[in-house]
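J.: Based on the sequences and whatever the hints tell you, model everything.
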Amino acid sequence: MAKKPKNKRRDFLQLSTVTLGAVGTAAFIWPFLKSMSPAEDTLAAGSTEVDISTIEEGQSITIKWRGKPVFIKKRTKEEIDAAKMVQASDLRDPQDDADRVQKEEWLVLVGVCTHLGCVPLGQKVSDMKGEYDGWYCPCHGSHYDTSGRIRKGPAPKNLDVPPYTFLNDNTIKIG
Amino acid sequence: MDKNRKVHQFKNPVLNWIEFRLPIISYFKKEYGDYPMPKNCNYFWSFGALATITLVTMIVSGIFLAMNYTPHTDMAFDSVERIMRDVNYGWLMRYIHSNGAAFFFIIVYIHIVRAMYFGSYKYPRELNWILGVFIFLLMMATSFLGYTLPWGQMSYWGATVITNLFSAIPFIGEGLKTWLLGDYNVGNATLNRFFALHYVLPFVIFGVVGLHVAAVHVHGSNNPDGIDIKTNNDSVNFFPYMLIKDTVAMCAFGVAISAVIFFGPNLMAEVDNYIPADPLVTPAHIVPNWYLAPFYAILRAVPDKLGGVLLMFGAIVILFVLPWLDRSKVRSCNYRPIYKWFMMGFFVNFFALGYVGMLPAEGLYLLIARVGLLYYFGFFFIITPFVGWIEKPSKLPLSISDVYSKNITPNIGGGEKGIPSPAMQKDTNL
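So the protein lines, in turn, are chains A and B. Be aware that the first sequence starts at 654, since it is given in the working numbering, and climbs by one per residue. Be aware that the second sequence starts at -10, since it is given in the working numbering, and climbs by one per residue.
For the record, the hints were derived by calculation from the structure and aren't laboratory data. A virtual CB, placed ideally from N, CA and C, is assigned to each residue, including glycine. Be careful, since some hints might not be right.
[Claimed, not checked] In the BS3-like style, the derived pairs of lysine-lysine whose C-alpha atoms are separated by at most 30 Å in a straight line are: (1) 810(A) x 166(B); (2) 721(A) x 166(B); (3) 687(A) x 166(B).
[Unchecked claim] Computed, partial: chain A to chain B, Cβ under 7 Å: (4) 679; (5) 690; (6) 807; (7) 809.
T.: Here it is, written out as structure tokens:
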């Protein structure tokens, strides 16, 4: 009987040593893993102000925001109507056009395909715009409509709308 | 400490001095001198040695390139151009390294084809196969990381597309991608870490190759007839026979790679990668390196983001369990009349997948990719287990020597009047 309490003591020591060792190792690894996340200066990439007074109806410009392209498009009447006519429930990523714009004629999008991150075509007059007359991603064939919503192809989601505000009628602040 | 250890005696006293303290000389003598190789091994068995030589070449040329390369988004492209134009023999280092990568994959693909056709993955070499698939995975990761470094258009967009694959994972995908990139898109943080990892992974590969070789030496090499060595008559010593044979293979390989390095160094390069990376413009046509194209074809053949990613990685992971999917005890496809043709079909199919992986995913190409995808997985999940079940293998020779001796009949070859038959000549040569 004298042996049993001794074994228990040893078990306790063994278990507590292993536990403490595991916690210590995890605490040691954490800073290394965390150092790979975006650094403070990367996070503080900030916002961009854009003058939109020179954009004609039907024209679209590309600006750089946090290293990504952002599309700013002044839509035509037909394009707005086409975007509004769609039933949100029929879409892969259901969203009404009204939820994607602040002012009907101005569409602001992050120009990064939600499939694998290419920049879709459709900014230039000569570009392919896809079957829904919005944007077309040449990498794997995703088609977006005049509201930047995914309509056909492998992309799972609509083109993102970045946070933006109208500072006045001629200036948008993105971010 | 083993007091009874028998210390190997050599004539050279220096060797004896070392051997007594570290028995490395007898180790090399045993593993690379007297090591018995099946005497029927053909040139397919030289590709392991070729792969090792190529790995060393890649590491050496890479170290010298790193001495002149700058891993910063503003300077990376220019530093590579400087290597090409101003650094003494920099162009040679870079062409050796870029074409060496392609040849490394050619060699390893042939090495894998060899292992599959002659059943080298079967008992008792399963762990060896698993280590090999692991090396293949590490190679793909390393080549992808390295392709990013020149910071051309294809570097940038290839890195973007591949890292975006991780965003397909539900819930944690976006966060994982950001963590891997160190930014919200491929940027300077990404380039820096890719360079660090690209430098270190080859040494990891080197370590796993060591295990891979040690593992194959435990049970010995497989051979074209897939039967074990039974007597000394079945084998030849590695030194000098196989070393000489591997050297011949190496010379042929040297001629092939030199022809490309000196006469067509950009044959396998993408033109778009000579345009500096531009985050605002995607090239019209993003193509992976040709040696990753079969897997890229699988990715694009699936019209669903997560599904495509899962099948692409699944296509590699499935290789790990091949030894357990194959039910047949016969190793070599030379003795498997049905499976042999499915196996060859698999190779052709893989080649076809690679071909369409380099072309736009539309129309006929997309259809071929989808059929290829079905055959790829069908081969592993249905054909391999099922054929092993129903197939009646041909009669195996009793021993490796038997492969040669049974052919010696007066009716074969020029066997009359003391001229040995071709089969017999082969036997004496070995």
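J.: Which of the listed hints are broken here?
T.: The structure conflicts with hint 4 only, although it agrees with all the remaining ones.
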